Amino acid sequence: MEEAKKSTTVKKTPAKKVATTKSTKTVKTTISKNELPEVKKTSSTTKVAVDVKLPSTVFGLKQIYTQAIFDAILSERASRRFSTHKTKSRGEVSGSGKKPWRQKGTGNARAGSLRSPIFVGGGKVFGPTTARNYNLKINKKARKNALFSALTLLANDKAVMVKEYNLTAPKTKELLMQLAQDNLALLNYVLIVSDNENVFKSANNLPNVHVTKVTSLSVEQLIAADVIVMSEKDVKYLEGMAK
0 MEEAKKSTTV
10 KKTPAKKVAT
20 TKSTKTVKTT
30 ISKNELPEVK
40 KTSSTTKVAV
50 DVKLPSTVFG
60 LKQIYTQAIF
70 DAILSERASR
80 RFSTHKTKSR
90 GEVSGSGKKP
100 WRQKGTGNAR
110 AGSLRSPIFV
120 GGGKVFGPTT
130 ARNYNLKINK
140 KARKNALFSA
150 LTLLANDKAV
160 MVKEYNLTAP
170 KTKELLMQLA
180 QDNLALLNYV
190 LIVSDNENVF
200 KSANNLPNVH
210 VTKVTSLSVE
220 QLIAADVIVM
230 SEKDVKYLEG
240 MAK
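Just so we're aligned: the sequence shown equals residues 0 to 242 in numbering that gives the first Met the number 0.
For the record, the hints were derived by calculation from the structure and aren't laboratory data. Quick caveat: nothing in here was measured; it's all calculated off a predicted structure. Check each hint, because a few of them may be wrong.
As the list claims (entries may be wrong) - In silico SDA-like links for lysine to any residue, alpha-carbon gap of 20 Å or less:
id: 1; residue 1: 162; residue 2: 123
id: 2; residue 1: 139; residue 2: 69
id: 3; residue 1: 136; residue 2: 59
id: 4; residue 1: 87; residue 2: 128
id: 5; residue 1: 157; residue 2: 181
id: 6; residue 1: 172; residue 2: 206
id: 7; residue 1: 87; residue 2: 143
id: 8; residue 1: 139; residue 2: 65
id: 9; residue 1: 139; residue 2: 197
id: 10; residue 1: 200; residue 2: 165
id: 11; residue 1: 143; residue 2: 200
id: 12; residue 1: 87; residue 2: 56
id: 13; residue 1: 162; residue 2: 115
id: 14; residue 1: 98; residue 2: 73
id: 15; residue 1: 136; residue 2: 239
id: 16; residue 1: 157; residue 2: 73
id: 17; residue 1: 123; residue 2: 96
id: 18; residue 1: 103; residue 2: 115
id: 19; residue 1: 232; residue 2: 206
id: 20; residue 1: 235; residue 2: 136
id: 21; residue 1: 143; residue 2: 220
id: 22; residue 1: 98; residue 2: 75
id: 23; residue 1: 143; residue 2: 206
id: 24; residue 1: 98; residue 2: 128
id: 25; residue 1: 162; residue 2: 142
id: 26; residue 1: 200; residue 2: 171
id: 27; residue 1: 123; residue 2: 113
id: 28; residue 1: 87; residue 2: 65
id: 29; residue 1: 242; residue 2: 59
id: 30; residue 1: 140; residue 2: 200
id: 31; residue 1: 139; residue 2: 200
id: 32; residue 1: 157; residue 2: 87
id: 33; residue 1: 139; residue 2: 73
As the list claims (entries may be wrong) - If you anchor each label on the Cβ, the simulated ranges turn out as follows:
id: 34; residue 1: 203; residue 2: 96; range: 42 to 48 Å
id: 35; residue 1: 140; residue 2: 170; range: 37 to 43 Å
id: 36; residue 1: 187; residue 2: 167; range: 46 to 52 Å
id: 37; residue 1: 130; residue 2: 56; range: 21 to 27 Å
id: 38; residue 1: 167; residue 2: 77; range: 57 to 63 Å
id: 39; residue 1: 196; residue 2: 123; range: 42 to 48 Å
id: 40; residue 1: 97; residue 2: 66; range: 58 to 64 Å
For each residue, glycine too, the CB sits at the ideal point set by N, CA and C.
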């Protein structure tokens, strides 16, 4: 008899996977939104860095002067307008000074120059000139009411933070990290009041951060801002303006 062939099956155990890690050093030059703390995109913030009582003469007006705010914004926009548009008069256009035809005998109307506005290619009459001034005057009292009304609106929304950003060098990343610590990095419009040159340079690459001096506060910026950050020294300066 033929011997029966015995079929033997051998179970193969899967090889253990050995995790291999590669030591690579990566240096991050930008900050992604995932690394920043979660911030709700609202028009205000309730976090205040320094417990300072805001003066009511600046941040607590009983009446909001809406007309003064409107006039101040128009005045600020008009002051940024340059009168660079200009047309040439008959004394400025190029052309011959020769008399086109004789004075009498041709039947044509008398003419003395081809640069006259009645001819094609002649000068322009009553055209725009650079002497025009687009500035709109606003009274000092009205502008002050507009400025303090805008600050009062921010204070009512709890969007005033008393803090000073001190940067030893112009570093956009450092300023962004400080804003992230205060939950301000993802707001649409952050207005920082500072006279530090490093803060000005650090905010150039941040489209939602605007820096200005306390002496150059714009009513239009205050109305558009989601939050304003200023130092205690700047608050005292504004309080002195209200006296």
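A quick look at each hint next to the structure:
Straight-line distance between C-alpha atoms of residue 162 and residue 123 comes to about 57 Å, which puts the hinted pair past the 20 Å bound. Taking the CA atoms of residue 139 and residue 69, the gap is near 14 Å; set against the 20 Å cutoff, the hint holds. Between residue 136 and residue 59, the direct Cα distance comes to roughly 26 Å. Violation of the 20 Å bound is thereby established for this hinted pair. At roughly 9 Å between alpha-carbon atoms, residue 87 and residue 128 fall within 20 Å of each other, so this suggested pair holds.
For the suggested pair residue 157 and residue 181, the alpha carbons sit about 14 Å apart, so the restraint of at most 20 Å is met. For the hint pairing residue 172 with residue 206, the CA-to-CA distance comes to about 14 Å; that is within 20 Å, so the pair holds. Only pairs whose Cα atoms come within 20 Å are accepted, and residue 87 paired with residue 143 is rejected, the gap being roughly 41 Å. Restraint check for residue 139 and residue 65: the C-alpha separation of about 16 Å stays at or below 20 Å, so the hint holds.
As the CA atoms of residue 139 and residue 197 are separated by approximately 32 Å, the hinted pair breaks the 20 Å bound. Taking the CA atoms of residue 200 and residue 165, the gap is about 12 Å. The hint holds against a cut of 20 Å. With a CA separation close to 29 Å, the supplied pair residue 143 and residue 200 exceeds the 20 Å bound. With a C-alpha separation of about 52 Å, the suggested pairing of residue 87 with residue 56 is violated against the 20 Å cut-off.
Only pairs whose Cα atoms come within 20 Å are accepted, and residue 162 paired with residue 115 is rejected, the gap being roughly 65 Å. For the hint linking residue 98 to residue 73, the alpha-carbon distance of about 49 Å lies beyond 20 Å, and the restraint is violated. Only pairs whose Cα atoms come within 20 Å are accepted, and residue 136 paired with residue 239 is rejected, the gap being roughly 24 Å. Our distance criterion of 20 Å between C-alpha atoms is broken by residue 157 and residue 73, whose separation comes to about 26 Å.
Restraint check for residue 123 and residue 96: the C-alpha separation of about 17 Å stays at or below 20 Å, so the hint holds. At roughly 19 Å between alpha-carbon atoms, residue 103 and residue 115 fall within 20 Å of each other, so this suggested pair holds. Note on residue 232 and residue 206: the hinted pairing is violated, with a Cα-Cα distance of about 26 Å set against a maximum of 20 Å. As the CA atoms of residue 235 and residue 136 are separated by approximately 27 Å, the hinted pair breaks the 20 Å bound.
Proposed proximity of residue 143 and residue 220 is supported: the alpha carbons are some 15 Å apart, at most 20 Å. In summary, the hint linking residue 98 to residue 75 is not supported, as the alpha carbons are separated by about 49 Å, beyond the 20 Å threshold. The straight-line distance between the Cα atoms of residue 143 and residue 206 is roughly 28 Å, outside the 20 Å bound, and the hint therefore fails. Using a Cα cut-off of 20 Å, the hinted pair residue 98 and residue 128 is violated, with the two alpha carbons roughly 28 Å apart.
Between the alpha carbons of residue 162 and residue 142 the distance comes to roughly 26 Å, so the proposed pair goes past 20 Å and is violated. Pair hint residue 200 plus residue 171 holds up; C-alpha atoms about 8 Å apart against a cutoff of 20 Å. In summary, the hint linking residue 123 to residue 113 is supported, as the alpha carbons are separated by about 13 Å, within the 20 Å threshold. Among the hinted pairs, residue 87 with residue 65 is inconsistent with the structure: their alpha-carbon atoms are about 42 Å apart, more than 20 Å.
The hinted pair formed by residue 242 and residue 59 meets the criterion: a straight-line CA distance of about 14 Å does not exceed 20 Å. At roughly 33 Å between alpha-carbon atoms, residue 140 and residue 200 are farther apart than 20 Å, so this suggested pair is violated. A threshold of 20 Å between alpha carbons decides the hint, and for residue 139 with residue 200 the separation of about 31 Å lies outside it, so the pair is violated. Distance hint between residue 157 and residue 87 is unfulfilled; the C-alpha atoms sit about 54 Å from each other, more than 20 Å.
Distance hint between residue 139 and residue 73 is fulfilled; the C-alpha atoms sit about 15 Å from each other, no more than 20 Å. For residue 203 paired with residue 96, a C-beta distance near 53 Å fails the hint of 42 to 48 Å. Remark: the range hint 37 to 43 Å for residue 140 to residue 170 is upheld by a beta-carbon distance near 42 Å. Distance hint check: the CB atoms of residue 187 and residue 167 are about 28 Å apart, inconsistent with the given range 46 to 52 Å.
The given range of 21 to 27 Å is broken by residue 130 and residue 56, whose C-beta atoms sit roughly 41 Å from each other. Checked against the hint of 57 to 63 Å, the pair residue 167 and residue 77 fails, with Cβ atoms roughly 39 Å apart. Between residue 196 and residue 123 the CB atoms are about 46 Å apart, so this pair conforms to the stated range of 42 to 48 Å. Checking the proposed 58 to 64 Å range against residue 97 and residue 66 shows it holds: the Cβ atoms sit about 59 Å from each other.
In this structure, the earlier hints numbered 1, 3, 7, 9, 11, 12, 13, 14, 15, 16, 19, 20, 22, 23, 24, 25, 28, 30, 31, 32, 34, 36, 37, 38 are contradicted, and the remaining ones agree with it.
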